[in-house]
Amino acid sequence: MTDRRRINGPPGGTRPPIFASSLESTSDIVAERPQRQRQPNELRKIFLKTGLIPSASGSSYLEFEPSTSLSAARSKPKSVIPPSSSLKLACTVHGPKPLPRSATFSPNLVLTTHVKYAPFAGRRRKGHVRDASERDLGVHLETALRGAIVAERWPKSGLDITITILEAEDDRWWGDAPDSHDAAWGMMNVLAGCITAASAAISDARIDCLDLVAGGVAAVVADETAGRETTSQLMLDTDPADHRSILSACVVAYMPARDEITELWLKGDNSKSSVGTDNRGLGHEALIDGAVDAARGAHSVLAEAVRESAQRFAGLPSGDFT
Amino acid sequence: MTSSLPSLAIPGQRLGSVTTFTAGPGTHVHHSHVYASIAGPVFVDPAQPKSQAKSTISISRTARVKTTPSATAASKSKPKYNTLPGVDSVVLARVTRVQKRQATVSILVVLDESASSKALNPLQSASDNDNIESILSSAANPENHSSSDELRFQALIRKEDVRAVEKDRVVMDEMFRVGDIVRGTVISLGDQSFYYLTTARNDLGVVMARSEAGNMMFPVSWKEMRDPVTGAAEQRKVARPF
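Chains as they are written, first to last, in the UniProt record's numbering: chain A, 1 to 322; chain B, 1 to 242.
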């Protein structure tokens, strides 16, 4: 259904088109393909800060470190199209506030989550009305947080969590044509970021939680390196633009203090990588373990951001804790 | 024992064993250990030496006045915990509607026991984002009503809960007017939409009111307030001034 109430931008891409005739040679564009510069178990740096939106009871802002190719392209742009993108999102928490009049009595906190891409966030323009993938992300986020919040301490009240994605992750490198093992891989990184940011914002709003829940992504990727046959490899915190094909990926929402997973999302075909290779390190259990490791990494950033927020709140000078 | 505790905790941080501590507000128990459930400064309420009770560990929900984290400072300035109205909590509410059998109010501030017995101190108020003075002064002004009522918790004062004596002679119009600020205690969480309040105590009732002429009135008796400009008296269920 089309949105007739708002002024929509032109449908299609948010980046200017590049015409084949303007390229000096086709090898140019192939050379621009970003490569993963990190180790397989090395995560991107995360910027996370709480309390940036004064009107909300809790808020946070999260940003992933741009990949080396992206930061190189930003300093010396060769093309108007950035080679990859890095996640940027803002999360607000409103509440606890009274339930609407129409709602029935609830002895627990009623959690509602909204995830919305800004129209300019991805390479395809998003509408102002939430589409199916955004609603899907909202449901996943709600599942992830519901297990972490102590809901019975807030009777008769509601909590609204709203996430605005300012820059989304790509699903694949923009120069690649969509192919068979193509899926919304970027969405999984977005979900992991949403979980981490929402956890920080909830903690900033001083809602009781069992633990800080952090999101992490791991994927089995098949990279065709020149001259060798395709090898599958498990990578943590994959940027889909870095890889030619991702076979399967996994997002978890993980609580390190209790060693519990509140949300698990596996996607892709795992059989291709493990059949015949006799490599048990690429099964789905290894994938989940990898995602948990990534979540542990995100948790260390999250814990530091929450500690900073608590210090600011308590009026303690920074560094004055044991 | 206290020295091993961090001064600041984050959710999921283990604070101690249940054999030495009782879990207070802001904490929860998991696998016989006390864990923090919110981020904030840690307080230990020492047990009475005579009793066998364990000391209570809790995490403050509000900023402290003092920055020195010590057990004595903690016991003097009791931190506030819950911003939600619970049973027996004292609240300040604004009257939004007066009917024959009940008055509808919207809860502005939840006070705790120590704050309600003293003068209103913004630092001890419950809702950490809001400043009591600004809430009350804006609430008494009839122009800016009902805009933020949707975001506040609604409550009812039923006719029989207004005062303790002569309950059957209560006339709601002579007890409250729209715009009055009322101090009351919560008697029940109520149904899906309303809390239930009572003002059946000497220290509960109308604390701030404007006369028909629009001036702030002062209390002259437990059931009368007077306008300092016109001298006209109006009937209210007045709270005992402190």
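Everything labelled a hint here was simulated from the structure, so no lab data went into it.
Treat the hints loosely; a few may be bogus.
[Claimed, not checked] To give a feel for the contact side, a few chain A residues facing chain B, derived at Cβ under 10 Å:
(1) Pro98
(2) Pro100
(3) Ser102
(4) Thr143
(5) Arg146
Owing to the predicted nature of the structure, the values given are computational and were not obtained by experimental measurement.
Note that CB positions come from ideal geometry on N, CA and C, so glycine has one too.
(request) Hold the hint about proline 98 of chain A up to the distance rule: shortest CB distance to chain B must be less than 10 Å. (result) holds (5 Å)
(message) Holds or violated: the hint that serine 102 of chain A contacts chain B, with Cβ atoms closer than 10 Å.
(response) holds (9 Å)
(request) Return the status of the interface hint for arginine 146 of chain A: holds when the least beta-carbon distance to chain B is below 10 Å, violated otherwise. (result) Not OK, violated: arginine 146 of chain A not within 10 Å of chain B, min 15 Å.
(message) Let's test the interface hint: is any C-beta of chain B closer than 10 Å to that of proline 100 of chain A?
(response) holds (8 Å)
(message) Hint validation: threonine 143 of chain A versus chain B, beta carbon distance must be below 10 Å. Holds or violated?
(response) Since the shortest Cβ distance to chain B is 18 Å, the answer is violated.
Of the numbered hints stated above, those contradicted by the structure are hints 4 and 5, listed in ascending order.
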